[in-house]
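Engineer: Residue numbers (the working numbering), protein chains in the order written: chain X, 12 to 439; chain R, 29 to 344; chain B, 537 to 699.
Derived from the structure by calculation, the hints contain no laboratory data.
There is no bait here: all hints are sound.
What the simulated footprint calls covered on chain X by chain B, stretch by stretch (three residues with Cβ under 8 Å from a Cβ of chain B suffice, anywhere in the stretch; the number is not a length): (1) 26-33; (2) 38-52; (3) 242-254; (4) 273-287; (5) 379-390.
Here chain X is said to cover these stretches of chain R; the calculated rule only asks that three of the stretch's residues, wherever they fall, bring their Cβ under 8 Å from a Cβ of chain X: (6) 95-104; (7) 209-215.
Virtual Cβ for every residue (Gly too), placed ideally from N, Cα, C.
The chain contents come next:
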Amino acid sequence: MTILLLFGTLLLCILLGVPIAISLGLSAIFTILFATDFSLTIVAQRAFTSLDSFPLLAIPFFMLAGILMGKGGVSKKLLDLASSLVGFLVGGLAMVTVVSCMFFSAISGSGPATVAAIGSFMIPEMKARNYGKGFAAAITAASGSIGVIIPPSIPFVLYGVVGSVSVGSMFLAGIIPGIILGLSLMIVSFAISKKHNYVAAQEKVSFLEVLRKVWDAKWALLIPIIILGGIYGSIFTPTEAAVVAVVYAIIIGVFVHKELKLKDLYQCFVEASIINGATMIIIGLSISFAYLMTLEQVPMKMADFLTGVSSNQLIILLIINIFLLIVGAFIDTISALVVLTPILLPVVTNVGVDPLHFGVILVTNLAIGFVTPPLGVNLFVASGISGVRIETIAKAIVPIFIMLVFSLLVITYVPSFSTFLPEYFMGG
Amino acid sequence: NDSSGEAKTSKDSYEIRVAHLVNEKQSTHVALEDFKKAVEERTDGKVSVTLYPNGSLYASDREAIEAVQLGNLEMTVPAVAPLANFNSKFMVFDLPFLFDSRDAAHSALDGELGQQLLTELEQNDLKGLVFGENGFRNMSNNEAPIEEPSDLDGLKFRTMSNPVHTASFNAWGANASPLAFGELYTALQQGTYDAMESPISLYYTQKFYEVQDYLTKTGHFYAATVMLTNNDYFNNLPEDIQSVIQEEAENWRANQREIAAKQDAEWLKSLQDEGMKVNELSDEQKQVFMEESQSVYDKFSDEIGQNLIDMAKDAN
Amino acid sequence: MKGIKLLDRRFEEVFLFLSMVAIVGLIFYQVVSRYVFNDSITWSEELARYIHIWQVWLGASFAIRMNQHIKVEVFRDLFNRTIRKVIDCIALFLWFFLAGVLAFYGTQLVLNLLGTGQLTPAMRIPIWIAYAAIPVGGILMCVRLIQQMILLFRPNTLEEGTS
Ligand code: NA
Ligand code: NA
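So here's chain X without its partners, still in its complex pose:
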């Protein structure tokens, strides 16, 4: 009964267009009011305690660093580098989009931010060269998903905090799966481009020219080295790494590229704060929702249910993947992580899945959710910058989606893609 009230209210509020964070909070409030004898001070208390965590502070600063780098003129340099690498292939511009999103992912922790940074250059460019406008927006939206798999990654930070897994190890775990997703998007771009006769963007360039582009993009390429090197060299924690990246991005933007003025800095800081507010209150309110689920012992029931269906790791992971793809269509990444990590993580670790590997599976599913309607944040951003209707993008994304799901299965059933780097660098 309590559970019905909880989920019924949630669904109703979401359908009415109430923001997801608020819907989660409201369903917790109504459930507490009508099905328990608790006081609503619980909701207020949790709105505070759920955010009282230092590792969570990495999230706003990885956002801010991404915004500063995007405005500070590095997107263009990353695009030039990507063009020199893959621009000569069939479907050159689509390839360049995928590869520049991969590069930008190593700076930004967010999917939508990656779409915005690369898409605002590439979608108009593709449209101008007669690419289907649906495909142009769809491939950008999908490439943006890599933003949360290649480190740094906001969902990995959150998974680490909620699931008590080291954030640094999660970052390492995402590198190979992120590259796999990128390659699969290049493959599907190639096939679609071949079919529609989208040609190369430019001639093949010499190795020396590539090196020159690398040199031009050096300030941007140093960011992942600072972040990852800093974390693995035990120089700083992920949160400190995010702040160092912010300071670095300011210095590069103001003094080296000279594209950031004081007024831009103000705007970037405010923009990051607003997105952070809208993102973090999801954590602040979904934790009350998760609390009621724990109180109703949903995690235990879910575990019993899943292990009742099968004790086979492969089958349990398959069921979870299907479930997560459906959830990802309707719910945003942050709420899904806060609510589902405590439920699913104990189930899968019980059947022998490595928590790092599961983190990658979980986040990859939710990253695919970025491009599945009705709630696909990357679709919204891609539509916003290109003016292409959501429906048109959604149609064009079908083959890309199938390819992403295929990569998801590869990542799910070959654990060492996720666990190899963390084991190699951090011994587990």
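Got chain X sorted already, so can you dock chains R and B with the ligands onto it with the hints?
Structural biologist: What follows is chains R and B with the ligands alone, placed relative to chain X:
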């Protein structure tokens, strides 16, 4: 200020939710299972007890204590350290080398000192039933066995977020700073921190033996726990239920301490089997540590109250 | 009128900017102090955490003005303009209710903490100062939601929020 407690006086069933942080294997939880059984049996099922271990309901002691205080949770069993934020008298337990032995600690906590502290809690809307224990905290590091304070020189030492703890370690020469517990394992593995301190049980249950080589049985802090309910909630329970709970709390205490002692011995051996090198401090060596922490006593004695400190010391 | 416009546009914004600068400064100083002065600060993380919580709840309020909250609008989009307005109105009311709960129960929580005198672990300052972010955020959200309600029925009085 808690209305839900008053509404319950006429009810014929009561639910006691107990939320705590430790895992199901640890003595606190094992003894709580007996507590649950006994309370439910002795009240003919009128009272039902549900246990939420592993921080599944409240992720920190501070949060759980606050929830009990607000009347949103019936019971919790926190370490006493975070209670010092609620009532500064509880800082007495943060002082280094306060008790010489388990027996001394037990006699102080079950006697006048304990009673005085539990009564203190009523001002904070809390009702403390009994003191349990996580045992003595010990030090570990990756450099060498610790024998005297100078062995701590320059060690990057993780402490709890507690001013007395940090002050104590800095007084002994360590470079002490707090760090979130969840980040500790990785920090030790990567060498961001060299050393830590905790009860034996955590070294075993959280696998710190994998990232720490030397364990020294310093017993520098005695880590008590306390079984807490909301004061109004408890006082509004029917008297027969109150006395069942109080008696079973005392049984829980005896039971928990016994299991804790057994587990400490067992797990210490397991730690050695896993390759940790264990050494013990002699009384003389402890004396040196104690002398070098006088500045900490001087600094905090006014805030805690000299008479409480004397009462604790008298138990030795 | 000009004053109100300035307040509408800049009230949370200036706080958001300054608090973000403060946290960056604090954490960067923590890193520098550890490596350059070889000195670990014990209170910087706690202070950064509390400023951040304030920032989140004020940012959430400003995000209402800037239309930045994540929602699913496909269902609502199925209807004509009039019904859409009704649905939006209900959604704003529900949201207002939640903001009201945060404001009211957050205040109760703060008063309770004032009474029990709980201190923060590292800085040992009264913890209600940090908790006050919840009721203040709730009240600001209420104000922003009333403003949205007015905008819903008089769409031309204020310029649309942009990011
Ligand atoms: Na990324
Ligand atoms: Na989706």
